[in-house]
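> What follows is each chain in one-letter form.
2 protein chains.
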Amino acid sequence: MKQVYNFSAGPSMLPKWVLEKASAEMLDYKGSGQSVMEMSHRSKDFLAIIEDCEARMRRLLNIPENYKVLFLQGGGSTQFSMVPLNLLGEHGKAGIINTGAWTKKAITELKKVGKCELIASSEDKTFTYIPKDYTIPTDLDYVYICENNTIYGTKYKQLPDTQDIPLVADCSSCIMSEPMDITKYGLIFAGAQKNIGPAGLTVVIIREDLLKETDPNLPTMLDYKIHVKNNSLYNTPPVYSIYICGLVMEWLEDIVGGLDNMKANNEKKAKILYDYLDKSKLFKGTVEKEDRSLMNVPFVTGNEELDAKFVKEATANGFVNIKGHRSVGGMRASIYNAMPVEGVEKLVQFMERFEEENL
Amino acid sequence: MKQVYNFSAGPSMLPKWVLEKASAEMLDYKGSGQSVMEMSHRSKDFLAIIEDCEARMRRLLNIPENYKVLFLQGGGSTQFSMVPLNLLGEHGKAGIINTGAWTKKAITELKKVGKCELIASSEDKTFTYIPKDYTIPTDLDYVYICENNTIYGTKYKQLPDTQDIPLVADCSSCIMSEPMDITKYGLIFAGAQKNIGPAGLTVVIIREDLLKETDPNLPTMLDYKIHVKNNSLYNTPPVYSIYICGLVMEWLEDIVGGLDNMKANNEKKAKILYDYLDKSKLFKGTVEKEDRSLMNVPFVTGNEELDAKFVKEATANGFVNIKGHRSVGGMRASIYNAMPVEGVEKLVQFMERFEEENL
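Chains as they are written, first to last, in this note's numbering: chain G, 1 to 359; chain W, 1001 to 1359.
Derived by calculation from the structure, the hints in this document are not laboratory data.
Using N, Cα and C, we set each Cβ at its ideal position, and we do this for glycine too.
Do not take every clue at face value.
[Claimed, not checked] To give an idea of the chain G side of the interface with chain W (calculated C-beta under 8 Å), a few residues:
1. Lys2
2. Val4
3. Ser8
4. Pro15
5. Glu178
6. Pro179
7. Asn235
8. Ala264
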């Protein structure tokens, strides 16, 4: 088997422990004679799987009882619509801080059904920082952020102070990378395919009091209340993806030892890469230091041809999917939970060699 | 490993050939050093997978070039809304033939956004037949049917003659069970979890000319045009589920040898079970003979306690998930493509023994 380090932004690397278990259990889950992929979503075996997945998630993130956990489909792109369709109320207006492509899409979907207050934006500097000086109006139904921007590699180190206004956060690329204070949020959502499972599963964590009356003509599948009432089993959920997500939670809890350990490991990896970028004469990070993501590290040489050469040689040497997002170019190393420290160490060694040869 | 025969209505049995290949490739897909679950949806490896899956589907079903194939999320329940939101037009009205729970849900979602003409219904006899005598009005944007009703075990042997009005069919539980004439339909959709893959993938086959202008405020993810324009990659698709669906297509094409063979095998299995039901003094099928499904076979003893006893003993003997849908009771044997003939033969032998002991 070829040894590669997969720096993909999502779908992305999964813990080997998870894949080995999934492979071993593929034809026979715990002596049931069935694959989890073949299990009725109403079977006892599967109900135990989804309940265990949620219980582990609740323990890992310390999710309070007044928050519901949902396992849905459709990715962040569906949440861009579900959030305003469910949370707009009295004011018919939400505030958004624009930190790039993902918040722009959220703005587009919000504007279809309500008013959008642009609280702040970092577009003036190509989204290379997190806006900090702004005033949040009081006539908003919620404030929306993308907590970690996968494309630009920015991360909120401090959440906006929204007072009593519910904070909604797209945490697709940072969920489970470190402990979070769930009580600071009204709603969190995350596409699973970056840090917690396969593509095709979306996790939503929502504070109960936000489950309000919706338009009676809202499509049933877009109504959080329906999914809450049915414990994510209104229709057939993505059974196998929930099983894999459960295995990731088991790995986080029992093998890694919780999110404090995970955070320490993630900080160690990020430091190796950022320290090198800060001293390199060839490569440089593109994000303001104080707003750098632990998960997605974009960098450039400043020369497009050299970038392309680097990507090509890195790929040939087993550092795969390191090309930057098609909208920004350059390189991006996504170093999610499953990336081992040695993967980052070896990448930096390779970058050092490349620097020597090309400076 | 325990040998069980899984009669689940969905998620349901998958070909062992598919599961063995998936297990073997779980950690290393074709020497890439990655699991398909870890692959960027924009990587060359994954693009080859989704293109091969579609190409095989097109060959198997003989899909004409003027039909688009989409790989979406959200299941049939999302299609109940997407169909009217995209296909209602000039008349603002669709006709539906009500054959039970699934068409009822489609009616509910249709009525949220347009007018519903109930063309016919078999509710008078608890949905145990397919309506045949009806007139289809001409002022409809489309006619909607559930071609095979998973819960009641009914199947259209002849499609409604809708003249120039597009026919929309929910084929979740019959797709790929036999050849189809795609040109008779305007749109077909199918949740993958019954005959073609894992839960969390929905396949839509739509005739190009039905991709009309939609309400500009329609959520992006509910717009067929967006998905067509982006070859199902507008957002991150359910990568791993598409890979498994591709393996099922490979099995159908290369191992089974196409849908004529698959149909012959399915007819053989169904005949074994229906022939027994027709001569049994204890069990009886619940559906009119001419409308019986090849895939889902509901049956009862006429005595609820005996039904429960049968389900319990069948389960203990390795015939699992044979309980009828919670809304109708009794038993249901779902004998999808992946169920081998011997599974049905052994079930019938077990039923014969049970009959002897309990008559």
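> A separate judgement is required for each hint: does it hold in the structure or not?
Structure-based check of all given hints:
no.: 1; hint: Lys2; in the structure: holds (4 Å)
no.: 2; hint: Val4; in the structure: holds (4 Å)
no.: 3; hint: Ser8; in the structure: holds (5 Å)
no.: 4; hint: Pro15; in the structure: violated (10 Å)
no.: 5; hint: Glu178; in the structure: violated (22 Å)
no.: 6; hint: Pro179; in the structure: violated (25 Å)
no.: 7; hint: Asn235; in the structure: holds (4 Å)
no.: 8; hint: Ala264; in the structure: violated (24 Å)
In terms of the numbered hints stated before, the structure departs from hints 4, 5, 6 and 8, listed from lowest to highest.
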